[in-house]
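2 protein chains.
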Amino acid sequence: MSASGVNACVVSVGNELLFGETVDTNSAWMGRALASRGITIVRRYTVADLAEEIRHAVREASGLADLVIVSGGLGPTSDDITRPSVAELVGAPLEVDEVLLQRLRERFEACGYGELPALNVSQAEVPRGARILHNPRGTAPGLAMRFSDTWLVLLPGVPRELRAIFGGELSEFLELEFGDRTLSVSHRTVHTTGVPESRLAELIEAAFARAPAISELAPDVSVAYLPDLRGVDLRLTTRGLQADAADAQLSHVLDRLEPVVEPWRFHATSGDIVESVSGALRSRRMRLATAESCTAGLIATRLTDLPRASEIFVGGVVAYENAVKQALLEVPEDMLVRHGAVSEAVAVQMATGVARSLAADVGVAVTGIAGPGGGTDEKPVGTVWLAVSGLGRPTSEHIRFVGDRQAVRERAAQAAFALLLRSLQPRP
Amino acid sequence: MSASGVNACVVSVGNELLFGETVDTNSAWMGRALASRGITIVRRYTVADLAEEIRHAVREASGLADLVIVSGGLGPTSDDITRPSVAELVGAPLEVDEVLLQRLRERFEACGYGELPALNVSQAEVPRGARILHNPRGTAPGLAMRFSDTWLVLLPGVPRELRAIFGGELSEFLELEFGDRTLSVSHRTVHTTGVPESRLAELIEAAFARAPAISELAPDVSVAYLPDLRGVDLRLTTRGLQADAADAQLSHVLDRLEPVVEPWRFHATSGDIVESVSGALRSRRMRLATAESCTAGLIATRLTDLPRASEIFVGGVVAYENAVKQALLEVPEDMLVRHGAVSEAVAVQMATGVARSLAADVGVAVTGIAGPGGGTDEKPVGTVWLAVSGLGRPTSEHIRFVGDRQAVRERAAQAAFALLLRSLQPRP
Numbered sequence: 011m012s013a014s015g016v017n018a019c020v021v022s023v024g025n026e027l028l029f030g031e032t033v034d035t036n037s038a039w040m041g042r043a044l045a046s047r048g049i050t051i052v053r054r055y056t057v058a059d060l061a062e063e064i065r066h067a068v069r070e071a072s073g074l075a076d077l078v079i080v081s082g083g084l085g086p087t088s089d090d091i092t093r094p095s096v097a098e099l100v101g102a103p104l105e106v107d108e109v110l111l112q113r114l115r116e117r118f119e120a121c122g123y124g125e126l127p128a129l130n131v132s133q134a135e136v137p138r139g140a141r142i143l144h145n146p147r148g149t150a151p152g153l154a155m156r157f158s159d160t161w162l163v164l165l166p167g168v169p170r171e172l173r174a175i176f177g178g179e180l181s182e183f184l185e186l187e188f189g190d191r192t193l194s195v196s197h198r199t200v201h202t203t204g205v206p207e208s209r210l211a212e213l214i215e216a217a218f219a220r221a222p223a224i225s226e227l228a229p230d231v232s233v234a235y236l237p238d239l240r241g242v243d244l245r246l247t248t249r250g251l252q253a254d255a256a257d258a259q260l261s262h263v264l265d266r267l268e269p270v271v272e273p274w275r276f277h278a279t280s281g282d283i284v285e286s287v288s289g290a291l292r293s294r295r296m297r298l299a300t301a302e303s304c305t306a307g308l309i310a311t312r313l314t315d316l317p318r319a320s321e322i323f324v325g326g327v328v329a330y331e332n333a334v335k336q337a338l339l340e341v342p343e344d345m346l347v348r349h350g351a352v353s354e355a356v357a358v359q360m361a362t363g364v365a366r367s368l369a370a371d372v373g374v375a376v377t378g379i380a381g382p383g384g385g386t387d388e389k390p391v392g393t394v395w396l397a398v399s400g401l402g403r404p405t406s407e408h409i410r411f412v413g414d415r416q417a418v419r420e421r422a423a424q425a426a427f428a429l430l431l432r433s434l435q436p437r438p
Numbered sequence: 011m012s013a014s015g016v017n018a019c020v021v022s023v024g025n026e027l028l029f030g031e032t033v034d035t036n037s038a039w040m041g042r043a044l045a046s047r048g049i050t051i052v053r054r055y056t057v058a059d060l061a062e063e064i065r066h067a068v069r070e071a072s073g074l075a076d077l078v079i080v081s082g083g084l085g086p087t088s089d090d091i092t093r094p095s096v097a098e099l100v101g102a103p104l105e106v107d108e109v110l111l112q113r114l115r116e117r118f119e120a121c122g123y124g125e126l127p128a129l130n131v132s133q134a135e136v137p138r139g140a141r142i143l144h145n146p147r148g149t150a151p152g153l154a155m156r157f158s159d160t161w162l163v164l165l166p167g168v169p170r171e172l173r174a175i176f177g178g179e180l181s182e183f184l185e186l187e188f189g190d191r192t193l194s195v196s197h198r199t200v201h202t203t204g205v206p207e208s209r210l211a212e213l214i215e216a217a218f219a220r221a222p223a224i225s226e227l228a229p230d231v232s233v234a235y236l237p238d239l240r241g242v243d244l245r246l247t248t249r250g251l252q253a254d255a256a257d258a259q260l261s262h263v264l265d266r267l268e269p270v271v272e273p274w275r276f277h278a279t280s281g282d283i284v285e286s287v288s289g290a291l292r293s294r295r296m297r298l299a300t301a302e303s304c305t306a307g308l309i310a311t312r313l314t315d316l317p318r319a320s321e322i323f324v325g326g327v328v329a330y331e332n333a334v335k336q337a338l339l340e341v342p343e344d345m346l347v348r349h350g351a352v353s354e355a356v357a358v359q360m361a362t363g364v365a366r367s368l369a370a371d372v373g374v375a376v377t378g379i380a381g382p383g384g385g386t387d388e389k390p391v392g393t394v395w396l397a398v399s400g401l402g403r404p405t406s407e408h409i410r411f412v413g414d415r416q417a418v419r420e421r422a423a424q425a426a427f428a429l430l431l432r433s434l435q436p437r438p
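Quick note, the sequences are listed as chains R and A, same order.
According to this note's numbering, the stretch in the first sequence is residues 11 to 438, in order.
According to this note's numbering, the stretch in the second sequence is residues 11 to 438, in order.
Isolated chain R (complex conformation) (with noise of 0.2 angstroms):
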């Protein structure tokens, strides 16, 4: 936890949270919001609609942050108690705001409610001398007032409400009331596909042993590991540091980085390996064409997650069974007998295959058995064959993954993308 600079922590009330019902993605938006203000959030909770949770997870909290967010709970309904606990806690008591009971009756009547249901009326109330932040969404406004040293800061768990309070009443109030005291955060994220994640770490963290030591040089970065099916990010960070200082240090873990993560390394704002395959197709006017066996139009809908997939995207085959890839394909029966559907030849055709009979510049081509079926002594489940056509010579690779259907499936698709990327861009 940052020593200095400001901490926050967050309580996020209701059942249905807690139940599962509702996934809570209000915390991960504040977390980013927060941290791209320089304010870390040091812990969350998640409480039941019960006074007395509400006033255990707000209490603990104020003891640690400078700043506590409560979401949610601020509703009309009898179980949205967020806002008499707090005040209770706080020791304010609930009067109605005649300004809110105002905007609150022109709202049901600008909405066609007509008359404000007596249940709306507990919406106007709050805690003697609290600060109003406006809500333009909903009827529930945000509301900040002191607890000892601490902010408290109630808004509306519903989603466009809250990140409509926060983007607007409730930033400047943090930049009039925290502006001064936050960290600046600096972050650099290094995107890598085909390496395990506790490989990528031995080969760094051997590559940070060597002299002069990181640890001199960048003492104040930290480096994240975050894995996913498709690869592993590296996220780089420095809190508290003046820009210059940050780049300087970011610069020299970078530089130590750089070769030992270039094998396996992709450059793309979205984090998506697509994004890259894309730029590479667009840059070189080229038109690319997918003949999917095991993957089955993964790839193909991949490509077409971005807008003006047109402009690098044909189309594709997908050829589950072998007669299509006979068929579309141009793949000759007794190469299919004689190396099998799941073989280096039979990808090459595939490739090439699809890029003739769509008129494509570029063909990329899987084929594999994603399982749990499917798999001999010979061709275990999780063997693929990945091809390109259409760049010089075809280029194919030969992958055993591990995982169930749903893995192979996303690894090959990710490993086609991956082939595709150093096929377009050749290193030297």
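Hints are not guaranteed to be accurate.
Copies of the same chain look alike in the list, so a pair counts if it works inside one copy or between any two.
[Claimed, not checked] Straight-line distance between alpha carbons at most 20 angstroms, and here's what the computed SDA-like set of lysine to any residue pairs gives:
| no. | residue 1 | residue 2 |
| --- | --- | --- |
| 1 | K389 | I409 |
| 2 | K389 | A43 |
| 3 | K389 | R249 |
| 4 | K389 | R410 |
| 5 | K389 | E331 |
| 6 | K389 | F118 |
| 7 | K389 | E354 |
| 8 | K389 | A120 |
| 9 | K389 | E116 |
| 10 | K389 | A216 |
Calculated directly from the structure, the hints in this document are not laboratory data.
Note that the coordinates shown come from a computational prediction; the quantities given were computed from them, not determined experimentally.
With the hints as your guide, set chain A onto chain R.
Same frame as chain R, now just chain A:
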């Protein structure tokens, strides 16, 4: 908080969760999984990768609950410190488990990574006396140990690994340790697609208002709406009732729901409409081919997520560019010119064309405008035409979806499966 029954706390570990770089989907998933076993989550903590933070949360949680599940921080890298932190708290030294170590070695050789990296050896270390919960999908096993009157369970943070352990040895463990004390919980889930949550809620409230009052027939049934891009699930729950009483009350509600949800309902244990489409195709011994424009392989990918897909799926064409619709799907150029690519005529021809050229019994086609660009006044973004051929005369459907590119694609694919299902199981 349930006075009787079994209470649980969840402690999620990871800076990436606090900083919002990862959305915590595990907690909601575990909330549902535990609730369905009659175990109530009473509080949730999200803490940083810091020993004192992990210990504070675990200590406090174990004073509150019978079961404390700690997820995350079991990886091989230096920021994964959950195992040692908890070991110190419970006062059990970490010892290498030889069986685990052997499993790890084998796994690494199987993957072709060769020698086990020294880093990974730490994943074979377990607090003395801890029970090991097998992880079929990764290198970090689950661990269960006593801490005063509480069971502590450590799980890896990778969702697919956490869920695999939960569905496997952890389930048996929970049944063994808590089975006799948990409240009996009964669920029924009704899956719908093609109707918005608010509309569904209106219709259901109207149906429930009819006499005899549902509130008297089934006072203990709670109804939760679980919407996502693909549809709305209705989950009916009773807690603490004997099986027969629960069945009776749930039946009352289901009887009342039946006529309301009938137009949009589908049956699938997995909750995925692909399961029921596949079942319908199998029972009719028919195989499907797909022709996709805006969904670009999403339908084929979902069809093949399940094993043994080759029994019901031949393959497909991703006809992103019109030239592909002409070359591979026999769509005449003048039809494209006259009606446009997003039209009923083209959708029907794509469905019949793909079935013919791939020699499939049934063809399904999607053509539409996913956006953000490409919309016109006549055909705005979100306009989609669907068609099914091979089951009597072709059926087609025109839908205008709202939402961003991803939402339109997801909803269009789901609507195609719904149309397929209606065509495969014509209603009387």
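Going through the hints against the structure:
In this assembly of identical chains, the alpha carbons of K389 and I409 lie at most 20 angstroms apart only when taken from the same copy (11 angstroms versus 45 angstroms across copies). Taking the shortest alpha-carbon separations for K389 and A43, neither the intra-copy value of 43 angstroms nor the inter-copy value of 37 angstroms comes in at or below 20 angstroms. Taking the shortest Cα distances, K389 and R249 never come within 20 angstroms of each other, neither inside one copy (49 angstroms) nor across copies (50 angstroms). Within a single copy, K389 and R410 get their C-alpha atoms as close as 9 angstroms, which meets the 20 angstroms cut-off; across copies the closest is 46 angstroms, which misses it.
Proximity of K389 to E331 under the C-alpha cut-off of 20 angstroms is restricted to the intra-copy arrangement: shortest distance 18 angstroms within a copy versus 36 angstroms between copies. Taking the shortest alpha-carbon separations for K389 and F118, only the inter-copy value of 18 angstroms comes in at or below 20 angstroms, while the best intra-copy value is 54 angstroms. For the homomeric pair K389 and E354, the shortest alpha-carbon distance inside one copy (12 angstroms) is at most 20 angstroms, but the shortest distance between copies (44 angstroms) is not. Taking the shortest Cα distances, K389 and A120 sit within 20 angstroms of each other only across copies (13 angstroms), while inside one copy they are farther apart (53 angstroms).
Taking identical chains as interchangeable, the C-alpha atoms of K389 and E116 lie at most 20 angstroms apart only when they sit on different chains, with a minimum of 18 angstroms there against 57 angstroms within one chain. Taking CA atoms no more than 20 angstroms apart as the test, K389 paired with A216 passes in neither setting, with 35 angstroms inside one copy and 58 angstroms between copies.
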